[in-house]
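> The primary structure of each chain is shown beneath.
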Amino acid sequence: MARWTMLTLLAATLATLASAQDAVPSVQVTGAVKQPLTLTAESLAKMPRATVKTTSRGIETAYEGVWLTDILRQAGVPQGEQLRGRALAGYVLAQAQDGYQVVFSLAELDPSFVDGGVLLADTANGKPLFGEQGRFRLIAPHDKPGARSLRLLTRLEVVSLRN
Amino acid sequence: MRAGLHSSRLAAGLFAATLLLGADFDWDLPPGFPRPVVPPDNPMSAAKVELGRYLFYDKRMSVNGKSSCGTCHRQDLAFTDGKPRAVGTTGETHPRRSMSLINVAYAPYLTWANGTLTSLEEQALVPMLGTTPVELGLLGHENEFLARVAADPLYRRLFPQAFPGEHDPYTLRNVTRAIAAFERSIVSMRSPYDRYRWYGDTRALSEEAKRGEIVFSSGELGRCFRCHGGWNFAPVRFAQAAPRERAESTGGDFFNTGATVYPPPNRGLFEHTGRDADIGKFRVPSLRNIAVIKPYMHDGSIPTLEAVVDHYVAGGKYPHPNQSAIIRPLTLSARDKQDLIAFLQSLTDQEALTDPRWSDPWWGRL
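Line by line, the protein sequences give chains A and B. Numbered continuously in our numbering, the first sequence closes out at residue 163. Numbered continuously in our numbering, the second sequence closes out at residue 366.
Calculated directly from the structure, the hints in this document are not laboratory data. Just so you know, not all the hints are guaranteed correct.
To be verified - Cut-off 20 Å, straight-line C-alpha distance, at most; resulting in silico cross-link-like pairs (SDA-like, lysine to any residue):
1) Lys127/A to Trp198/B
2) Lys53/A to Thr69/A
3) Lys127/A to Lys337/B
4) Lys210/B to Ala124/A
5) Lys53/A to Trp198/B
6) Lys210/B to Leu37/A
7) Lys337/B to Gln97/A
8) Lys337/B to Ala314/B
If you're wondering where the values come from, they're calculated on a predicted model, not measured in any experiment.
Kindly generate the complete structure, drawing on both the sequences and the hints.
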């Protein structure tokens with residue numbers, strides 16, 4: 001009996017590990033949202049696409065993806081006219097696979113407040129992101145340093161400081 | 001038909017002659033990579049690079065005929081010498097180790113800690129004529145050397161090809177221009193990592209090295225990219241740089257890493273500026289081919305890559321007021337360290353270590 005229990009546990013563990021390895025890479029959109037999202041390359045491909053060109057040490061890269069404002073709109077986060085009063089005390093906490101975190105206020109992601117925006121990128125020069133960039137990353141083209149162009153993106157948590 | 005064949009042969013001959021003699025030098029850079037900066041008064045040409053190669057490896061350039069540039073910059077060791085500190089032709093030990101010349105064309109600054117030395121042409125004079133320490137020991141013997149060069153049948157062919165139209169091309173200035181052109185030609189982007197990152201070869205790297213790339217680039221784990229970021233794993237200057245990028249390359253290119261206590265004459269940038277704030281600040285070298293460039297650091301004081309990683313994990317060995325804030329203790333598991341080292345080993349371009357374009361043409365002749 002104990003032997004069967006052990007074997008069952010082992011099989012379940014192996015299945016979980018295999019499932020984790022086969023899992024489709026995704027970005028979770030959670031927190032103070034009306035509609036939590038699980039974004040994959042497939043779902044991002046169906047959203048409005050945008051391209052941002054960057055130059056790093058002489059090498060130009062064209063990142064393609066979806067503006068965060070479009071993702072937040074789909075998640076039911078206040079945008080445009082609705083981004084007023086208490087809603088302005090909200091921000092997005094972006095988290096990476098390695099534990100790195102950066103923050104953007106909702107207002108700085110909203111084109112009705114600030115020109116430009118932040119891109120959730122899934123391709124570079126037409127090819128899926130990989131390796132140290134992760135499957136998804138952020139591109140903050142208007143930041144001077146690249147510190148908020150977070151790589152290995154796994155989660156966007158919307159936080160409201162005044163509910 | 002015959003006329004067509006004749007003209008195509010003629011065209012092929014002219015093309016070959018152009019390659020041999022002309023000014024159309026090509027680095028054969030991968031698509032999208034920037035070109036190195038070339039000074040207007042020393043344009044690249046195949047003939048000049050070839051002359052520079054002969055001079056680079058010519059031991060007659062030293063006072064006692066025992067050493068050439070290639071003695072301290074061996075191709076098989078990524079143009080370093082494997083010694084903790086370089087040794088000059090008369091046996092004098094240099095305070096610091098020799099630096100790799102691979103991709104030196106992209107280095108914003110030359111040597112370990114001189115914020116004013118940016119010209120390969122000027123730098124070539126340091127080992128030739130320098131006396132503290134003596135490297136090639138040519139000071140006072142320049143004319144003898146140039147007379148030997150002017151009398152050599154090979155150089156009597158190569159110099160006029162490299163400097164066409166000059167009445168007397170056998171000058172020290174032209175020697176340094178040719179050596180600089182040769183050094184500028186040593187450009188490499190063919191390591192396994194390059195194949196993985198830039199050419200889509202997902203099998204070029206082991207799984208360990210792929211994980212190591214993440215450790216290297218993570219702001220939470222290795223943080224190595226903070227100094228060694230970018231495609232050359234070091235700050236770069238290049239021909240197409242925008243003013244902002246040029247300005248950025250002059251900022252934080254020298255760091256105190258807490259590797260030693262920085263005794264004289266190895267006080268880094270301080271030796272040139274005299275500013276206390278510059279004590280211990282040394283240039284960030286490229287990590288390309290780092291696995292064959294041992295021992296490590298400016299003074300060769302760290303023998304292995306593993307020990308280098310341990311040094312950075314500890315946040316430096318010798319606390320110093322000028323130590324960079326980037327250098328602080330890291331939390332890396334044993335596997336993280338192994339992965340990081342596997343990644344660093346993937347930066348070796350084996351082809352560059354044997355590429356005949358940069359090899360010793362005097363082999364067996366001098």
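> Identify every previously stated hint that the structure contradicts and give their numbers, smallest first.
Result: hints 3, 6 break, sorted rising.
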